[in-house]
Amino acid sequence: GDSVTQMEGPVTLSEEAFLTINCTYTATGYPSLFWYVQYPGEGLQLLLKATKADDKGSNKGFEATYRKETTSFHLEKGSVQVSDSAVYFCALKLGTSYGKLTFGQGTILTVHP
Amino acid sequence: DSGVTQTPKHLITATGQRVTLRCSPRSGDLSVYWYQQSLDQGLQFLIQYYNGEERAKGNILERFSAQQFPDLHSELNLSSLELGDSALYFCASSAWGGGPETQYFGPGTRLLVL
Numbered sequence: 001g002d003s004v005t006q007m008e009g010p011v012t013l014s015e016e017a018f019l020t021i022n023c024t025y026t027a028t029g030y031p032s033l034f035w036y037v038q039y040p041g042e043g044l045q046l047l048l049k050a051t052k053a054d055d056k057g058s059n060k061g062f063e064a065t066y067r068k069e070t071t072s073f074h075l076e077k078g079s080v081q082v083s084d085s086a087v088y089f090c091a092l093k094l095g096t097s098y099g100k101l102t103f104g105q106g107t108i109l110t111v112h113p
Numbered sequence: 001d002s003g004v005t006q007t008p009k010h011l012i013t014a015t016g017q018r019v020t021l022r023c024s025p026r027s028g029d030l031s032v033y034w035y036q037q038s039l040d041q042g043l044q045f046l047i048q049y050y051n052g053e054e055r056a057k058g059n060i061l062e063r064f065s066a067q068q069f070p071d072l073h074s075e076l077n078l079s080s081l082e083l084g085d086s087a088l089y090f091c092a093s094s095a096w097g098g099g100p101e102t103q104y105f106g107p108g109t110r111l112l113v114l
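Protein chains in written order, with the working numbering: chain A, 1 to 113; chain B, 1 to 114.
Chain A extracted, bound-state conformation (with noise of 0.2 Å):
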């Protein structure tokens, strides 16, 4: 079946740091995939997306590129700030289906000053 893989967690970053949190899929056909963030307390929002092979997605300073040789889609920010510790789950569609999301794991990051 489909699915996303994550990388573990937690990651810990200070202030200004490179971050990248990587992740995986496995799907039939042709996926649109996602980054959504989940801040303490709250519910998720969508941080970016991409449609299809190639597509790079980009928001407040974070960007993944849909790679379909690797099945993979990156998400990365050259520099991190403390607001930015949150929970980061990547998620699939299918174009096929109808509005499921299939998400991976989460992952945690915190960001020190």
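A couple of the hints might just be wrong.
[To be verified] Quick list of the computed label-pair ranges, beta carbon to beta carbon: (1) Y30/A with T102/B: 14 to 20 Å; (2) A17/A with L61/B: 24 to 30 Å; (3) T20/A with D40/B: 24 to 30 Å.
[What the hints assert, rightly or not] Which residues of chain A face chain B? A few of them, derived with a C-beta cut under 8 Å, are: (4) T28; (5) S32; (6) F89; (7) K93; (8) G95; (9) G99; (10) K100; (11) L101; (12) Q105; (13) I108.
[Said to hold, decoys possible] Restricting the straight-line Cα-Cα distance to at most 35 Å, the calculated cross-link-like pairs of lysine-lysine (DSBU-like) are: (14) K68/A with K9/B; (15) K68/A with K57/B; (16) K57/B with K56/A; (17) K52/A with K77/A; (18) K60/A with K9/B; (19) K52/A with K68/A; (20) K52/A with K57/B.
Hints in this document: simulated from the structure, not taken from any laboratory.
We put the beta carbon where it would ideally sit given N, CA and C, even for glycine.
Assemble the complex: chain A is given as a structure, and chain B must be docked to it using the hints.
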């Protein structure tokens, strides 16, 4: 604020009981989704409704049921509750439910079964 509202925010109940979780989608969205977030299972899709009709079903237990009303709000009913049903339940909405459209999530209802 995503525009999706969920009530109640917290719910504490006992095993064997029944509860109802409520969700109001963003204005104009026709599709509603329910997800369960637990420590052992992660985020799991439960069910989707589109304009009052069930559209997709995921890992939803038979003890659980949902519906979407003519005003598009949705309710998730959980019955014969077990300790393992303790989780965060999210509702999300989107315009029509297909393609790569964004799903907007509510703040969740935290259910604790004692």
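Any hints from earlier that this structure breaks? Give me their numbers in increasing order, please. Hints 2, 4, 13, 14 are the ones this structure does not satisfy, whereas the remaining hints hold.
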